[in-house]
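With the hints as extra help, turn the sequences into a complete structure.
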Amino acid sequence: MRRAKGVQMNFDFWSAVVGGVVTALGIFGVSLLTEAGKENWKVHQQKAEELYQRALSLKDPVPVIHRGLGMLYESLRRNDEAIAEYQKYLDLAPNAVDRERILRRIEGLKRT
Numbered sequence: 001m002r003r004a005k006g007v008q009m010n011f012d013f014w015s016a017v018v019g020g021v022v023t024a025l026g027i028f029g030v031s032l033l034t035e036a037g038k039e040n041w042k043v044h045q046q047k048a049e050e051l052y053q054r055a056l057s058l059k060d061p062v063p064v065i066h067r068g069l070g071m072l073y074e075s076l077r078r079n080d081e082a083i084a085e086y087q088k089y090l091d092l093a094p095n096a097v098d099r100e101r102i103l104r105r106i107e108g109l110k111r112t
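Residue 105 in this note's numbering is what sits at position 105 of the sequence shown, and the numbering runs on without skipping anything.
Certain hints may be false.
To be verified - Subject to a maximum C-alpha distance of 30 Å in a straight line, what follows is the list of computed BS3-like cross-link-like pairs (lysine-lysine):
(1) Lys110 - Lys47
(2) Lys42 - Lys59
(3) Lys59 - Lys88
(4) Lys59 - Lys47
(5) Lys88 - Lys47
(6) Lys110 - Lys38
(7) Lys42 - Lys88
(8) Lys38 - Lys59
(9) Lys42 - Lys110
Just so you know, the hints here were simulated from the structure itself, not pulled from any lab data.
Have a look at this one:
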C-alpha cells in the first residue's frame, strides 16, 4: 500500500510524540518509593493526559494516540476510560498489528 508523504510524516511525528510520553512516564516511574517520587509521578501522568488530549484535538490525529491514552488510563485504573480509548484505537486501525493484544487488554479490563 502506498502512502502519501504527508500522511507518513504525520504518522512518524505522532509516533515520536506518543513514544516520548511513554518513555517519560517510564523514567519518572522509577522513583515511586518516596513521597516526592509519588507526587512527581502524579504530575507527569497529568501532563501526559494533557498532551494526549491536545494531540487528539489537532487535525488528523493518528489512531495510536488513542492506544497511548488507553494505556495511561489503564495504569491509572480508570478502566472504563481505558476500554473506550482502546476501542477507538481498534475502530480507527482495524488492521493494527497489535489488535489481538489490545483485545486481550480490553477483556482483562472488563473482568476487573
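Status of each hint after checking the structure:
| no. | hint | in the structure |
| --- | --- | --- |
| 1 | Lys110 - Lys47 | holds, 26 Å |
| 2 | Lys42 - Lys59 | holds, 28 Å |
| 3 | Lys59 - Lys88 | holds, 16 Å |
| 4 | Lys59 - Lys47 | holds, 21 Å |
| 5 | Lys88 - Lys47 | holds, 21 Å |
| 6 | Lys110 - Lys38 | holds, 27 Å |
| 7 | Lys42 - Lys88 | holds, 25 Å |
| 8 | Lys38 - Lys59 | violated, 34 Å |
| 9 | Lys42 - Lys110 | holds, 25 Å |
Hint 8 from the earlier list is the only one contradicted by this structure; the remaining hints agree with it.
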